[in-house]
Amino acid sequence: MMEFFMEYKDMLFEGSYETLLMTFASTIFAYIIGLPLGVTMVITDAHGISPQKTLNTVLGTIINIGRSIPFVILIVAVIPLTRFIVGKAIGPVAAIVPLTIAAAPFVARMVETALQEVDPGVVEAAKTMGATNAQIALKVLLPEAVPSLIRGFSITTITLIGYSAMAGAFGAGGLGDIAIRYGHHRYQADIMWVTVVLIVVIVQAIQMCFELAAKKIDKRNK
Amino acid sequence: MIRIENLSKIFKTSNEVHALRSVSTHVEAGDIFGVIGMSGAGKSTLLRCIAQLEKPTSGAIYIEGKNITELSGKENIELRKRVGVIFQGYHLLMQRTVRDNIAFPLELSGIKKEERYKRVEELLALVGLENKADAYPSQLSGGQMQRVAIARALANNPSILLCDEPTSALDSLTTKAILKLLKDINEKLGVTVFIITHEIGVVKSICRHVAVINEGELVEQGATDEVLSNPKHHATELLLGISNIAEGGDAE
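Residue numbers (our numbering), protein chains in the order written: chain P, 1 to 222; chain X, 1 to 252.
Just to be clear, a hint being listed does not mean it is correct.
Using C-beta positions, here's what the derived DEER-type ranges look like [claimed, not checked]: (1) X:Glu78 x P:Ile28: 53 to 61 Å; (2) X:Gly241 x P:Gln207: 41 to 49 Å; (3) X:Gly128 x P:Tyr17: 55 to 63 Å; (4) P:Asn64 x X:His234: 53 to 61 Å; (5) X:Ala169 x P:Gln52: 48 to 56 Å; (6) X:Val17 x P:Leu55: 46 to 54 Å; (7) P:Gly121 x X:Phe11: 14 to 22 Å; (8) P:Asn64 x X:Ala169: 34 to 42 Å; (9) X:Ser141 x P:Phe24: 52 to 60 Å.
Covered by chain P, per the in silico footprint, the following chain X stretches (three or more residues, Cβ under 8 Å) [stated by the list, open to error]: (10) 83-95; (11) 107-114.
Calculated from the structure, these hints are not laboratory results.
Every residue gets a Cβ at the ideal spot worked out from N, C-alpha and C, and that includes glycine.
Required output: the full structure, derived from the provided sequences and hints.
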């Protein structure tokens, strides 16, 4: 047991680090794209504060297309773009590009769902106070949806851990890569199990932290 | 203060719903004016048109002499600050404290933090919630939440307070207290109060004038005493409980 850890601990640390790097970096980039996209979807919705049917339909279609493309195909398809941005197509940093593209439309829907939960009456009340659309978005919709947005952030992060493991099969590195190279190709089941356990531990930790944060921040059930 | 001329509102869904049919009325400055009607009579639509949450199909609404359907964006925002609105469901920001809820309209107007909180203290005293400033809405009772909503609606010193069924979710004792508060606000601050309700008790206890709305039409209006003591329309009799709802129906 001890020997096993001494032999592989560097590799497992490295893998965990790469997995976390890929996951968090792409989650953040996905939110940079997906958050404004989700807010726009809610605002331009037929029942939103500034209904714009054409824009809403176009964005909705783009989001749906983005969400329909299988991730393994997406990784290969965006290789030219990845090369252009990162300069290479393999390694954890390169994997951030397809992971971000895969997660952005997912994030847009997460944000959309979170904002739709905000009581429309509160939005109306803000309107009667003379709030502009920008004020409604920034001071009503987003702050009121924070607990739900945090839960969405946690779901996105965990989904991306799974995706990053898939990206491992395409030379992205990380725990997924280790599981495939050692566990699958070399029949080292012990290493495969250790990586799986590590991924489970990471997922549990993220889930717990964000759930705790969402509960602490939410003022609705104090 | 508020003048409504031939106001109509048609909702076009699968079929046309005439929510308001050529409604005309006039609310004097400093009055407490009630509009009473059953569910679906069109009273909420009337308030929503005045509050500019619905666009009238035809007709005009004048507030302080200005036709509100013809205002530019900026004038519109200015006007909204002259008209406070409270709702049956309070519609408070659940993630903000009482203090920050009341400060919200001032924040929207770009008023500095210090000044904002000074004004909030006055408003908290006005509605009697000085000790709840740091509480969150979920920690309050219905009556307390409505008090916060009233304070919030008054933050910009409006000349009119529109009230959409303000006491319909409250018990009778709390209703009395809220109505007393509205009356005090009317008397002390000279705010014109416009109340939509289905409860005859609300009209009896604070409204000086009343209009009865039935199937989208204002069927009678006038001084509360006169209308209630000498109802002319069947709908008024129903609301007063004089007439039986199932008229000519069951043998009971």
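CB-CB spacing for isoleucine 28 of chain P and glutamate 78 of chain X relative to the 53 to 61 Å hint: Given about 41 Å between the Cβ atoms, the range is violated.
Outcome for the supplied range 14 to 22 Å, where the beta carbon pair is glycine 121 of chain P and phenylalanine 11 of chain X: holds (19 Å)
Coverage of the region 107-114 of chain X by chain P, judged on three or more residues with CB within 8 Å: holds (count 3)
53 to 61 Å as the expected CB spacing between histidine 234 of chain X and asparagine 64 of chain P, which holds or is violated: Because 54 Å falls inside the window, the suggested range holds.
Outcome of range test on Cβ distance (alanine 169 of chain X, glutamine 52 of chain P; 48 to 56 Å): violated (35 Å)
C-beta pair glycine 128 of chain X, tyrosine 17 of chain P: status relative to the range 55 to 63 Å that was hinted: Given a distance of about 58 Å, which is inside 55 to 63 Å, the answer is holds.
Three-residue Cβ test at 8 Å for the coverage of the region 83-95 of chain X by chain P: holds (count 10)
Outcome for the supplied range 46 to 54 Å, where the beta carbon pair is valine 17 of chain X and leucine 55 of chain P: violated (29 Å)
Status of the given 41 to 49 Å range, CB of glutamine 207 of chain P versus CB of glycine 241 of chain X: Once the Cβ atoms are compared, 57 Å apart, the range 41 to 49 Å for glutamine 207 of chain P and glycine 241 of chain X is violated.
Distance restraint hint 34 to 42 Å, applied to the beta-carbon atoms of asparagine 64 of chain P and alanine 169 of chain X: holds (40 Å)
Serine 141 of chain X paired with phenylalanine 24 of chain P, Cβ distance criterion 52 to 60 Å: violated (43 Å)
In this structure, the earlier hints numbered 1, 2, 5, 6 and 9 are contradicted, and the remaining ones agree with it.
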